[in-house]
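**Student:** Put together the whole structure using the sequences plus the hints.
Chain by chain, the residues:
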Amino acid sequence: MKAAELEVRNLRVTFYPKGRKVQAVRGVTFSIKPNERVAIVGESGSGKSQMARAIIQLIPDHAGKIEAGEVLYDGVNLLSLKEKEMRSYRGREIGMIFQDARAALSPLISIGNQLVEAYKNHHLLATHQEAQSRALELLELVQIEDPLRCFHQYPHELSGGMCQRVMIALALAPDPKLLIADEPTTSLDMTLQSQILDLLKKIQEQMGMSILFITHDFSLLSGFCHRALVMYAGEIVEESDIQELFNRPKHPYTKALLRSIPRLNLPKSTPLEVIEGAPPDLSIPIVGCPFQPRCRFATPQCSSSSPPMIQRVACWLYDPRFKEKYDLFAAS
Amino acid sequence: MESAPTAPYLRESIQRLKDNRPAMVGFWLLVILFIAALIAPLFTPYTYYETHLSLKNYPPSKEFWFGADELGRNIFSRIWMGARISLFVGISAAFIDMVIGVIYGAFSGFIGGKTDEIMMRFCDILNSLPQLLIVIILLVLMGPGLSTIILALTLTGWINMARIIRGHINQIKHLDFVLAAKALGASRTRILMHHLITNAVGSIITTVTLTIPAAIFTESFLSFLGLGVQAPMASWGTMASDGLPALRFYPWRLFFPAFFISVTMLAFNLLGEGLRDAFDPRMRR
Numbered sequence: 136m137k138a139a140e141l142e143v144r145n146l147r148v149t150f151y152p153k154g155r156k157v158q159a160v161r162g163v164t165f166s167i168k169p170n171e172r173v174a175i176v177g178e179s180g181s182g183k184s185q186m187a188r189a190i191i192q193l194i195p196d197h198a199g200k201i202e203a204g205e206v207l208y209d210g211v212n213l214l215s216l217k218e219k220e221m222r223s224y225r226g227r228e229i230g231m232i233f234q235d236a237r238a239a240l241s242p243l244i245s246i247g248n249q250l251v252e253a254y255k256n257h258h259l260l261a262t263h264q265e266a267q268s269r270a271l272e273l274l275e276l277v278q279i280e281d282p283l284r285c286f287h288q289y290p291h292e293l294s295g296g297m298c299q300r301v302m303i304a305l306a307l308a309p310d311p312k313l314l315i316a317d318e319p320t321t322s323l324d325m326t327l328q329s330q331i332l333d334l335l336k337k338i339q340e341q342m343g344m345s346i347l348f349i350t351h352d353f354s355l356l357s358g359f360c361h362r363a364l365v366m367y368a369g370e371i372v373e374e375s376d377i378q379e380l381f382n383r384p385k386h387p388y389t390k391a392l393l394r395s396i397p398r399l400n401l402p403k404s405t406p407l408e409v410i411e412g413a414p415p416d417l418s419i420p421i422v423g424c425p426f427q428p429r430c431r432f433a434t435p436q437c438s439s440s441s442p443p444m445i446q447r448v449a450c451w452l453y454d455p456r457f458k459e460k461y462d463l464f465a466a467s
Numbered sequence: 003m004e005s006a007p008t009a010p011y012l013r014e015s016i017q018r019l020k021d022n023r024p025a026m027v028g029f030w031l032l033v034i035l036f037i038a039a040l041i042a043p044l045f046t047p048y049t050y051y052e053t054h055l056s057l058k059n060y061p062p063s064k065e066f067w068f069g070a071d072e073l074g075r076n077i078f079s080r081i082w083m084g085a086r087i088s089l090f091v092g093i094s095a096a097f098i099d100m101v102i103g104v105i106y107g108a109f110s111g112f113i114g115g116k117t118d119e120i121m122m123r124f125c126d127i128l129n130s131l132p133q134l135l136i137v138i139i140l141l142v143l144m145g146p147g148l149s150t151i152i153l154a155l156t157l158t159g160w161i162n163m164a165r166i167i168r169g170h171i172n173q174i175k176h177l178d179f180v181l182a183a184k185a186l187g188a189s190r191t192r193i194l195m196h197h198l199i200t201n202a203v204g205s206i207i208t209t210v211t212l213t214i215p216a217a218i219f220t221e222s223f224l225s226f227l228g229l230g231v232q233a234p235m236a237s238w239g240t241m242a243s244d245g246l247p248a249l250r251f252y253p254w255r256l257f258f259p260a261f262f263i264s265v266t267m268l269a270f271n272l273l274g275e276g277l278r279d280a281f282d283p284r285m286r287r
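Heads up: the sequence lines are chains E and V, in that order.
Its first residue numbered 136, the first sequence is counted upward by one per residue in my numbering.
Its first residue numbered 3, the second sequence is counted upward by one per residue in my numbering.
No lab work stands behind these hints, which were simulated from the structure alone.
Idealized CB from N, CA, C, for every residue including glycine.
Treat each hint with caution, since some may be false.
Among the chain V residues that face chain E by a calculated CB cut under 10 Å, a handful are [stated by the list, open to error]: (1) E14; (2) G115; (3) F179; (4) L181; (5) A183; (6) L186; (7) R192; (8) H196; (9) T200; (10) V203; (11) G204; (12) T208; (13) A233; (14) P234.
**Tutor:** And the structure:
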């Protein structure tokens, strides 16, 4: 199976809750190469989930809309497709794993039938038997102990971890080339988190697809992803290979975030570092760098114009004019 | 469970229903009522309409098992004649309500927005017409009879179903599993038919089982006012209202119709409850 390439250009998503205008995603550009595992990291409300949903156009009409941008999937701009054409991409080309697997499974349809349906949506000529054996294969693939039993069960009869495995199987049923995993482990406990991630990694390597992994948890990234994009206030502020991200974070936000992770090897009395302030209100238009009010190294430039991507980071510190500030930042 | 995977939903639901004792009691009661309504009149030589004036208000006896009414008609025959009418009216009204209500409500709830608003306001307008007025107009236009009653019951009866389904669909259509189905490439029709209506099955069944007794009651009420089935045709409603004034002297004239109305209501409610549990796997123990 040939994996696909995804390119997102200047994607903007705006929501209209109660007459207000909330710019959830404000011009996001990135790409995923075939067979790559890319993470999008950001705190709650940074627009990462909405960005992911916008890729396959799952933003409900009444709530918000995609204002601008392009989503190029193997060269086809998905945003220019009609709803009916888009349907053949959803699931078949781009699969999605949801955060709360139990809620994402239809409560009154057995696991088996949901898998059969997911397969048949895109394999119109498949017989019921084919779809069933495929479903059982998938349940086995996601390491469910008794696939036949699970086939007949309903979501409420499964544990959280099982639900997430079923969710993965469901996303894999139509053989997608790109898998968007929207916080797939958030509702699970620690041991299960690593099991599910290992499973995803194994399946990705085995089936040769790309994964866009969305998370707020830095600790999940290191073993899992090739590359990470840090998102803040609806923008991508830094793009980095995973080792580099941990060793040499470039954006002040990334650096501050990494510092605020509690560590066991520090003396007990060391206070936990926090980032002062709160993320900006996205219903008010943002001028300049969104992180500027919380940034210790902010320059006058930061509050007046938004930083361009310099060396894969959106920060004025990397402009030669602010060398002094940069040295200060590098030394911190 | 070890057999090859087949669509197990219906089979399992039926099994759950069978395991539910009260529901099965209700089910068999209804079966008995249906069979009795069909064949019981054959066991007595007296028809429901012939009068025996010498046997006015005759108590239950070997000849007249349930006694006789004020015109000396055999209550036993009349009960089963009334059962046919009541069950027929109740079931057909509930069925028509269900079909119209589910389609209308599901469509309205699923589309949402302005369409939903307009469709629901139409319901409000229709619902604000007094039912009795509609019945009387229909009677004038069509003349009394069963079809008039059923039409009168369903003309506004489906609104209740439509509202309940619309509310239910509206409530669940933004849940994650609907989004997930969409993310898997399911079409809108498929989402509506397969995911939303399936999930509304519990409320559909509950509403239907409540509509049947309600329709039977309404039919009785209309008959009581003289707008329902016409003499000599019997219905439980007319028989109960005829028997009411004689309660102190000839209690069997009220007792039998009232008893059968109660039994039928009870049976429908037990079965309805059981069906709802059976079709909702979350109820599985």
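**Student:** Are the hints correct? Go through all of them and say.
**Tutor:** Checked hints:
Interface restraint check for E14/V: the shortest CB-CB distance to chain E comes to about 8 Å, inside 10 Å, so the restraint holds. Because the closest C-beta pair between G115/V and chain E is about 7 Å apart, less than 10 Å, the hint holds. Because the smallest distance between the Cβ of F179/V and any Cβ of chain E comes to about 5 Å, under 10 Å, the interface hint for this residue holds. The interface hint given for L181/V is met, as the beta carbon of that residue sits about 6 Å from the closest beta carbon of chain E, less than 10 Å.
Hint on A183/V holds. Least Cβ distance to chain E is approximately 7 Å, under the 10 Å limit. Given hint, L186/V at the interface with chain E, holds; its Cβ is 4 Å from that chain's nearest Cβ, closer than 10 Å. Look at R192/V: its Cβ gets to within about 8 Å of chain E, closer than 10 Å, so that hint holds up. For the restraint placing H196/V at the interface with chain E, the shortest Cβ-Cβ distance is roughly 7 Å, inside the 10 Å limit, so the hint holds.
Hint status for T200/V: holds, given a least beta-carbon distance of 5 Å to chain E, under 10 Å. The interface hint given for V203/V is met, as the beta carbon of that residue sits about 7 Å from the closest beta carbon of chain E, less than 10 Å. Against a cut-off of 10 Å between C-beta atoms, the interface hint on G204/V holds, since the closest Cβ of chain E lies about 8 Å away. Taken as an interface hint, T208/V does not check out: its beta carbon lies about 15 Å from the nearest beta carbon of chain E, beyond 10 Å.
Against a cut-off of 10 Å between C-beta atoms, the interface hint on A233/V is violated, since the closest Cβ of chain E lies about 48 Å away. At about 49 Å, the closest approach between the beta carbon of P234/V and any beta carbon in chain E exceeds 10 Å, and the interface hint on this residue is violated.
The structure does not agree with the numbered hints 12, 13 and 14 stated previously, though it agrees with the rest.
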